[in-house]
Amino acid sequence: MCGLHMEGLGPMQILRVLLLRLLTTAITLAGVAVIVFFVIRVVPGNPIAMMLPPGATDEDIARLSALYGLDKPIVTQFGIWLSGVVQGDFGTSITTRQPVLALVLGRLPATLELSIMALVMAMILGGVAALAGTRFRGGRTEGAIDVANGMALSVPDFLWGLVLILLFGVLVPIFHISGRVTPSLELPFVTDFYLFESLFRLRFDLWADIVAHMFMPALALAIPLAAIIGQLLKQSLKETMNLDYVTLSRTKGYGETRVILREALRNAALPTLTLVGVQFTFLIGGTVIIERLFSYEGLGNMAIDAVVNRDLPLIQGIVILFAVIFTGVNLIVDLLYTVLNPRLRHG
Amino acid sequence: MAEAKAIDGRSLIRRRAGLRLWLSAGWLGMLCIAALLAPWIAPKDPLAQDLFLGRMPPVWEMGAEPGYWLGTDSLGRDVLSRIIHGARIALMVALIAGTITCVIGATLGLLAGFLRGWVDLVISRLIDIWMAFPPVLFSILLIAVLGPGLWSIIIAIVVIDWTRFARVVRAEAMAQGAMDYVASARVAGRGRFGTMLREILPNVLPTIVVLLTLEMGIAVIVEAILSFVNLSISTDQPTWGGMISEGRASVHQAWWVLVFPLITLFLTVLSFSQLGEGLKDRFDPVLR
Amino acid sequence: MSFLRISNLSVRLKKGPPLLRRVSLQVAAGDVHGLVGESGAGKSMIGKAVLGILPPSVEVTGGEIWLDGVDLLSLPLAERRRRIGATAALIPQDPLTALNPSHRIGPQITDRLVDILGWGRADANSRALELLAEVQIPDPARVLRSYPHELSGGMRQRILIASAFAAEPKLIVADEPTTALDVTVQKQILKLIAGMQARHGTALLFVTHDLGVVSKVCQRLSVLYAGMVVEDTSVADFFAAPRHAYSAALLAATPKYTDPAAGLQPVPDAVIAQVRAEVAAFDRGTRHG
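Those protein sequence lines, which keep their order, are chains P, B and S.
In this text, residue positions in the first sequence follow this note's numbering: the first is 1, and each later residue adds one.
In this text, residue positions in the second sequence follow this note's numbering: the first is 1, and each later residue adds one.
In this text, residue positions in the third sequence follow this note's numbering: the first is 1, and each later residue adds one.
Simulated from the structure, these hints should not be mistaken for lab results.
Check the hints yourself; a few may be wrong.
Claimed, not checked - With a cut-off of at most 27 Å between alpha-carbon atoms, the simulated DSS-like pairs for lysine-lysine come out as follows:
#, chain 1, residue 1, chain 2, residue 2
1, S, Lys-15, P, Lys-238
2, S, Lys-216, S, Lys-191
3, S, Lys-187, S, Lys-170
4, S, Lys-48, S, Lys-15
5, S, Lys-48, P, Lys-238
6, S, Lys-48, S, Lys-170
7, S, Lys-170, S, Lys-191
8, S, Lys-216, S, Lys-187
9, S, Lys-191, S, Lys-48
10, P, Lys-238, B, Lys-44
11, S, Lys-14, S, Lys-48
12, S, Lys-14, P, Lys-238
Claimed, not checked - Derived DEER-like restraints, expressed as beta-carbon distance ranges:
#, chain 1, residue 1, chain 2, residue 2, range
13, B, Pro-206, P, Lys-72, 51 to 59 Å
14, P, Val-120, B, Pro-206, 32 to 40 Å
15, S, Arg-142, P, Leu-261, 25 to 33 Å
16, B, Phe-52, P, Val-324, 51 to 59 Å
17, S, Lys-216, P, Asn-242, 31 to 39 Å
18, S, Ala-281, P, Asn-242, 32 to 40 Å
19, S, Lys-187, P, Ala-26, 54 to 62 Å
20, B, Pro-206, P, Thr-24, 27 to 35 Å
21, P, Gln-279, B, Asn-203, 23 to 31 Å
22, P, Ala-26, B, Pro-206, 32 to 40 Å
23, P, Gln-279, S, Glu-79, 40 to 48 Å
24, B, Met-92, P, Ser-65, 52 to 60 Å
Glycine included, every Cβ here is placed at the ideal spot set by N, Cα and C.
Go ahead and model the full structure; you've got the sequences and the hints to work with.
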């Protein structure tokens with residue numbers, strides 16, 4: 001959660017800290033796997049019975065259960081599942097009868113694109129709010145920004161999504177309120193990263209359509225994070241603005257805006273960064289309900305369907321994938337912090 | 001003179017915080033009264049359907065039906081009455097789930113932060129594992145396991161959100177535990193648990209109260225989200241989330257079915273959170 | 001022709017008590033002018049006012065600051081900053097906090113040359129190398145690529161001095177430039193500043209509480225008490241015979257200028273009462289006049 005504290009450590013010690021960190025990550029992931037596995041096997045309702053047409057005999061159900069390994073004791077099932085996972089096999093989805101890994105990886109790009117878009121929006125919105133608040137500190141502008149931040153922070157993404165649907169889907173319908181792309185469009189894509197691939201292929205018509213679908217769900221996810229970034233960054237910017245090196249750069253002839261951007265921003269951004277890492281995992285967690293709200297075909301939407309259909313292997317695969325993403329984000333943020341902090345780099 | 005100026009600015013902040021506190025407390029108080037007196041003050045039966053009165057707009061719009069102040073949904077049920085009755089479940093979930101989560105989470109956090117050692121190790125590891133779950137998905141999964149119903153929702157909220165309290169209280173307890181007064185209490189002959197309850201707990205309490213207020217707002221949202229994915233309470237009980245779910249489906253035909261429950265939910269969540277923030281300012285010794 | 005002319009400068013805490021009371025002083029081109037006084041007397045405040053870096057809690061209520069023929073206070077903020085950046089510079093008090101920890105040394109010396117004065121990068125870099133050699137830093141090329149935390153306090157102060165002289169400013173404000181340093185380094189840095197000042201012919205506004213330093217580097221000095229100039233004279237006259245009782249008392253409180261047998265004399269209460277009365281009289285005068 002917090003940075004790797006490497007100040008004054010030699011390379012061997014840094015290696016040790018890193019290894020320790022990887023070990024705890026592994027323990028966390030194992031814990032998630034065990035909990036999900038056992039929780040979903042207490043789910044009432046037989047998934048096999050649900051997938052067979054009505055009138056199927058008990059024998060049919062038993063045969064199919066055996067096929068999915070659901071007739072064995074839970075611990076044995078876990079052993080089988082785990083040995084599969086080690087070989088990259090996450091089982092087969094009960095509803096679609098396709099490999100879980102392929103299904104999940106097919107939906108992952110949509111969720112990643114949505115999360116990254118939201119993160120970028122949050123950084124832009126929060127950054128601009130913090131910079132404007134710092135530039136005009138002590139004035140009415142700063143007060144207005146504080147109030148807006150407080151509002152944005154108090155209300156979660158789900159409600160912002162609904163508000164956005166009303167504003168830009170109904171009142172002034174300029175964005176699409178459901179789906180990832182207009183279904184009638186012909187898509188030439190070979191990957192599932194529609195947003196990036198449309199840019200790469202210079203198909204700006206498709207790109208615009210994808211953005212028009214993505215805009216509202218991404219903004220809904222971005223608003224609370226933008227408020228957090230705005231608040232933290234403004235606070236540390238304002239502290240930085242009183243430091244001697246900032247004062248010195250004022251005497252060099254720079255305007256106030258340039259002083260903020262050149263001297264204060266980089267040092268103020270570091271403490272914000274570590275906190276944004278955890279917050280970004282919250283944002284990714286929020287995609288589950290936001291994708292549902294906007295009928296966006298990502299992992300989260302698939303996850304809710306999987307729960308509704310009692311598709312145990314699929315649920316398991318998705319939850320683990322989320323856990324991998326969360327812990328991965330935290331690890332990346334820690335590394336970024338080390339790379340960006342010159343004091344640690346040369347420590 | 002400089003002193004006077006600083007004090008002036010401070011009281012300004014306090015006035016603003018005070019207003020915020022009163023507005024949120026006012027809205028929540030109103031909601032409580034509405035929930036308690038729902039059967040008497042709701043103008044209609046929230047469950048009564050009338051297919052001839054389906055999707056009637058609110059009274060100030062053209063073609064409204066008198067007596068249905070905020071219009072009706074597609075089954076002809078009165079939106080205002082459903083919002084008033086929906087407040088019962090929302091507030092029940094907020095109070096019960098919030099309190100239980102608070103007690104369990106704060107206790108674990110206090111134990112981890114004060115006792116340290118293996119207790120802390122186990123609890124911290126659990127928190128890490130919990131943080132790696134997507135919370136909304138986890139809650140949906142739990143409801144699927146427990147089956148729909150008020151208590152399922154409450155259990156799901158407790159199981160998922162105890163870490164919010166545990167994390168913060170653990171850190172606070174650790175910080176307090178490192179202070180001199182704790183050491184001197186130990187020297188004066190107070191036992192470990194005595195020190196924890198008499199010395200540490202009172203100092204962590206303001207934080208816990210603030211977190212509790214915030215958690216109540218979160219509980220209301222979780223209930224709404226679960227209703228939204230049709231996993232909350234049986235469908236014949238009016239809930240805000242359920243109304244929003246219906247409203248989202250027919251937003252182009254009858255905006256009021258979405259708008260009014262949404263405004264209610266928005267104000268309630270905002271109030272809980274502003275109440276928490278206002279209390280935080282009150283408790284903050286720098287501002288006091 | 002004086003290069004810096006401050007006349008009747010008044011500064012106060014916003015809606016609070018005055019910090020500078022109609023301060024006037026002139027610094028001729030190439031001169032070193034000392035500003036002395038106890039802490040809180042407002043000597044740093046004058047330097048900050050000249051460089052346009054007064055803290056936001058403080059406001060200028062009157063007076064003029066003429067720098068190189070322009071009244072700075074009549075200029076809009078951006079223009080004033082530009083003007084100051086092109087003609088003046090600061091040697092700050094604490095070298096440990098005055099360098100940006102996340103930028104390399106090089107750009108912190110050359111930024112003004114490139115961004116404000118429009119030099120080319122290569123020219124600015126060779127200028128930086130030259131300056132580092134002049135402030136006696138070994139291996140200047142390596143130092144330019146270092147980060148501040150890799151260098152000692154004395155080294156950093158040398159870098160800040162080099163940076164101040166980079167654009168050949170006509171005025172440098174040195175704000176207690178040796179106070180934060182080790183006693184062993186203080187002397188070297190002082191010598192360095194004096195030498196650089198003489199070579200470059202820069203006017204220097206030297207803020208210090210150390211009369212010994214003043215006697216070594218300054219030509220003129222202003223003695224401040226409670227934001228008021230109580231004496232403005234040449235260094236030679238001052239040390240020969242201070243005119244104001246407070247100046248004399250200050251001199252008597254400095255180790256070097258007292259008879260070791262008599263010991264250090266704190267400023268006598270009677271003298272304090274006298275200057276306080278003068279300040280009060282001044283305040284009454286400004287209120288009615």
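Here is what the structure says about each hint:
no.: 1; hint: S:Lys-15 <-> P:Lys-238; verdict: holds (23 Å)
no.: 2; hint: S:Lys-216 <-> S:Lys-191; verdict: holds (9 Å)
no.: 3; hint: S:Lys-187 <-> S:Lys-170; verdict: holds (24 Å)
no.: 4; hint: S:Lys-48 <-> S:Lys-15; verdict: holds (19 Å)
no.: 5; hint: S:Lys-48 <-> P:Lys-238; verdict: holds (20 Å)
no.: 6; hint: S:Lys-48 <-> S:Lys-170; verdict: holds (16 Å)
no.: 7; hint: S:Lys-170 <-> S:Lys-191; verdict: holds (19 Å)
no.: 8; hint: S:Lys-216 <-> S:Lys-187; verdict: holds (11 Å)
no.: 9; hint: S:Lys-191 <-> S:Lys-48; verdict: holds (24 Å)
no.: 10; hint: P:Lys-238 <-> B:Lys-44; verdict: violated (55 Å)
no.: 11; hint: S:Lys-14 <-> S:Lys-48; verdict: holds (16 Å)
no.: 12; hint: S:Lys-14 <-> P:Lys-238; verdict: holds (20 Å)
no.: 13; hint: B:Pro-206 <-> P:Lys-72: 51 to 59 Å; verdict: holds (52 Å)
no.: 14; hint: P:Val-120 <-> B:Pro-206: 32 to 40 Å; verdict: holds (37 Å)
no.: 15; hint: S:Arg-142 <-> P:Leu-261: 25 to 33 Å; verdict: holds (28 Å)
no.: 16; hint: B:Phe-52 <-> P:Val-324: 51 to 59 Å; verdict: holds (54 Å)
no.: 17; hint: S:Lys-216 <-> P:Asn-242: 31 to 39 Å; verdict: holds (33 Å)
no.: 18; hint: S:Ala-281 <-> P:Asn-242: 32 to 40 Å; verdict: holds (36 Å)
no.: 19; hint: S:Lys-187 <-> P:Ala-26: 54 to 62 Å; verdict: holds (59 Å)
no.: 20; hint: B:Pro-206 <-> P:Thr-24: 27 to 35 Å; verdict: holds (32 Å)
no.: 21; hint: P:Gln-279 <-> B:Asn-203: 23 to 31 Å; verdict: holds (27 Å)
no.: 22; hint: P:Ala-26 <-> B:Pro-206: 32 to 40 Å; verdict: holds (38 Å)
no.: 23; hint: P:Gln-279 <-> S:Glu-79: 40 to 48 Å; verdict: holds (41 Å)
no.: 24; hint: B:Met-92 <-> P:Ser-65: 52 to 60 Å; verdict: violated (39 Å)
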